[in-house]
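So that you can map any letter, position 306 of the first sequence is 305 in numbering that gives the first Met the number 0, and since no number is skipped, the others follow by simple counting.
Treat the hints as calculated values from the structure; they're not laboratory data.
Cβ coordinates follow ideal geometry from the N, Cα and C atoms, glycine included.
Some hints here could point you the wrong way.
[To be verified] Below, simulated PhoX-like cross-link-like pairs (lysine-lysine); rule was C-alpha separation at most 20 Å, straight line:
#, residue 1, residue 2
1, K76, K61
2, K236, K182
3, K471, K377
4, K329, K361
5, K236, K189
6, K497, K441
7, K350, K279
8, K329, K154
9, K322, K332
10, K116, K177
11, K267, K221
12, K177, K236
13, K222, K207
14, K433, K102
15, K301, K377
16, K221, K236
17, K258, K301
18, K251, K49
19, K267, K284
20, K433, K97
21, K190, K236
22, K332, K350
23, K420, K76
24, K441, K377
25, K49, K23
26, K97, K76
27, K67, K9
28, K302, K284
29, K189, K270
30, K433, K524
31, K258, K189
32, K562, K524
33, K190, K332
34, K471, K251
[Said to hold, decoys possible] Derived CB-CB ranges, DEER-like:
#, residue 1, residue 2, range
35, M37, N574, 29 to 39 Å
36, I149, A393, 52 to 62 Å
37, K49, I413, 34 to 44 Å
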Amino acid sequence: MSGMDKLENKIEDLIFKNFKDIPKDFIFEFNLPPSEEMGDLSLACFSLAKILNEPSNVIADKITEKLKADGLIESAKAIGPYVNFKFNSGIFINTVIKEILEKKQDISSLKVKPKNKYIIEFSAPNTNKPLHLGHLRNTLLGNAMNNLFIKNGIKSVKLNLINDRGIHICKSMIAYQKWGENKTPETENKKGDHFVGDYYILFEQEAKENPSLFREVQEMLKKWEQGDQETIQLWQKMNHWAISGIEETYHKINVSFDKVYYESEIYKIGKDIVLKALKKGLCEKLPDGAVEINLESYGLGKKILIRADGTSVYVTQDIGLAKLKYNDFKPAKSIYVVASEQDYHFKVLFKILEIFGFPWAKNYEHFSYGMVNLPNGKMKSREGTVVEVDDIVAEMESLVKGEILKRNPNISPIDLSQRSKVIALSALKFFFLKFTPAQEIKFNPQESIAFEGATGTYLLYAYARIQSVIRKAFIDKTDIKEIDLINLQENEERELVKNLFIFRKILRESMVEYNPAILANYLIKLAQLFNVFYHKHQILDTDNEKLSRSRLFLIMAVSWIIKNGLDVLGIETVNEM
RNA sequence: GUCCUUAUAGCUCAACGGAUAGAGCGUAGCCCUCCGGAGGCUAAGAUCGAGGUUCGAUUCCUCGUAGGGACACCA
């Protein structure tokens, strides 16, 4: 148990004891009060008021009356709908910092731990093109959510679905067949996904002049589905190129998956489920033989599930995959990270699963997020106006190299390369994660590659600065138990401690809200507070060794939180910049 | 046309129906005899419009205006 748990639980237990009507899994709204004088922690009574059916300020008064001072809680004062607590500052500071440094931060504070695991599906690349900024946002969000689940004590499995079949892949294949001249990624010295993607763009260009190419694509898809050997072989070859290129990019951005599904392997399995439902009368057969479901009473219109020729459509494939994922994992929750343009699709999917009588359908969720646009509009891969992940990463790395060399001309080539990779990724990843997921992102290259202000670089810089101070200090960390940190009484020090204290609350909130940006913005706030403190107060001071040691432990705790917070966001740190 | 979604400072974003609407960029100034200036400090600067619900609305509801997205037997 951490300091926060002790303090929180003390208050929570007392409230539970005196207000029997509150459900045990109730999540209390603890916050930092807006100003120092008000106290160290505040409890907002708005949602309590709803449950207890009494005005919030009355609840606040009642809680305050019942609360008696003890070791940790020095006082509680009701101000309108808030109860503001003041803690014994010595115990508070010592508890918060020591438990961070002793790394006993058990982050999980869920009242009810799910027995089963979550599964989270994200990224979903197509094998006809390299990963672009849309994939990047998706992948970073999915990865961060997975980490948030894990940090909060929930098992989580990362899934990927590779879209390796369909009309879009056939376009690349046709173009390669016609103009590929047996070139390969090796002969052209190109990453496989870019190699294949170039043929996709080539197809779209040529098809503008020559629309008959579209007919050839249809024919190729038919041949592919009929199992034509030559077509299958070409498909396998190009898929392999594309997928290995895409995997290289995942490796580069430090993202991995626990289980990968391939659309080519699962696209047929939804059909049987639909046919069974048809027998039960849950959907209907049209005169031409197609199968349709009527969702008009739910405001979702009608939806074809099986075409007249017996082939299945997108939503039918997803029905099959939903069932497959259930069979594979029996998840307590199954999350799809997919952009908001597919909100309608997922409403339809979940409604159909419900109508078909799958009890697990209620555990399936769509984590919707806003699209990534360029300053002059939408990215369109057909028109070649996409920003690809490989390109932006390379560009940022080279900019970071320049910045490093400006400050440190004598750096070794190995350090330069390693540091620039980490710093470039930190800037890029943080840029995408600092936005509330629902928000659309306008990807303005100038801002996204900034190294100043609320950026990943700012966090790494604060971290590196702390490491630098610690390196110069030569203190023995094992002393932490004997040290009394009560001398950290400056405003800047107390602010830091309070913000360290709410780290777990932030992690929980970020998870519950499905919003890694809460964590991202918290880390910026913490680093800002550190920079203010650093600027105002001397840490290493031989004249006041006791205070100096306390301050060292304080900044060590700060750096531990920054590092762990960044870790959740999938961002690495460097000790020197 | 129907549905979903967004509108906060010059720009990009924060703010459980609640305490003085916060940051970053940009602008105008300032700070290295001192642990890393990729920093810090100061200043100016905002809730799209009209109604409604509420003790209280940036937040909820209605209408309007302006963006974005969906409404395929494409994925």
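For each hint, the structure was consulted:
no. : hint                    : verdict
1   : K76 / K61               : holds, 11 Å
2   : K236 / K182             : holds, 12 Å
3   : K471 / K377             : violated, 50 Å
4   : K329 / K361             : holds, 13 Å
5   : K236 / K189             : holds, 15 Å
6   : K497 / K441             : violated, 34 Å
7   : K350 / K279             : holds, 17 Å
8   : K329 / K154             : holds, 12 Å
9   : K322 / K332             : holds, 13 Å
10  : K116 / K177             : violated, 48 Å
11  : K267 / K221             : holds, 15 Å
12  : K177 / K236             : holds, 16 Å
13  : K222 / K207             : violated, 24 Å
14  : K433 / K102             : violated, 26 Å
15  : K301 / K377             : violated, 29 Å
16  : K221 / K236             : holds, 18 Å
17  : K258 / K301             : violated, 33 Å
18  : K251 / K49              : violated, 49 Å
19  : K267 / K284             : holds, 19 Å
20  : K433 / K97              : violated, 29 Å
21  : K190 / K236             : holds, 14 Å
22  : K332 / K350             : holds, 16 Å
23  : K420 / K76              : violated, 50 Å
24  : K441 / K377             : holds, 9 Å
25  : K49 / K23               : holds, 15 Å
26  : K97 / K76               : violated, 28 Å
27  : K67 / K9                : holds, 11 Å
28  : K302 / K284             : holds, 12 Å
29  : K189 / K270             : violated, 39 Å
30  : K433 / K524             : holds, 12 Å
31  : K258 / K189             : violated, 27 Å
32  : K562 / K524             : holds, 14 Å
33  : K190 / K332             : violated, 36 Å
34  : K471 / K251             : violated, 33 Å
35  : M37 / N574: 29 to 39 Å  : holds, 38 Å
36  : I149 / A393: 52 to 62 Å : violated, 30 Å
37  : K49 / I413: 34 to 44 Å  : violated, 59 Å
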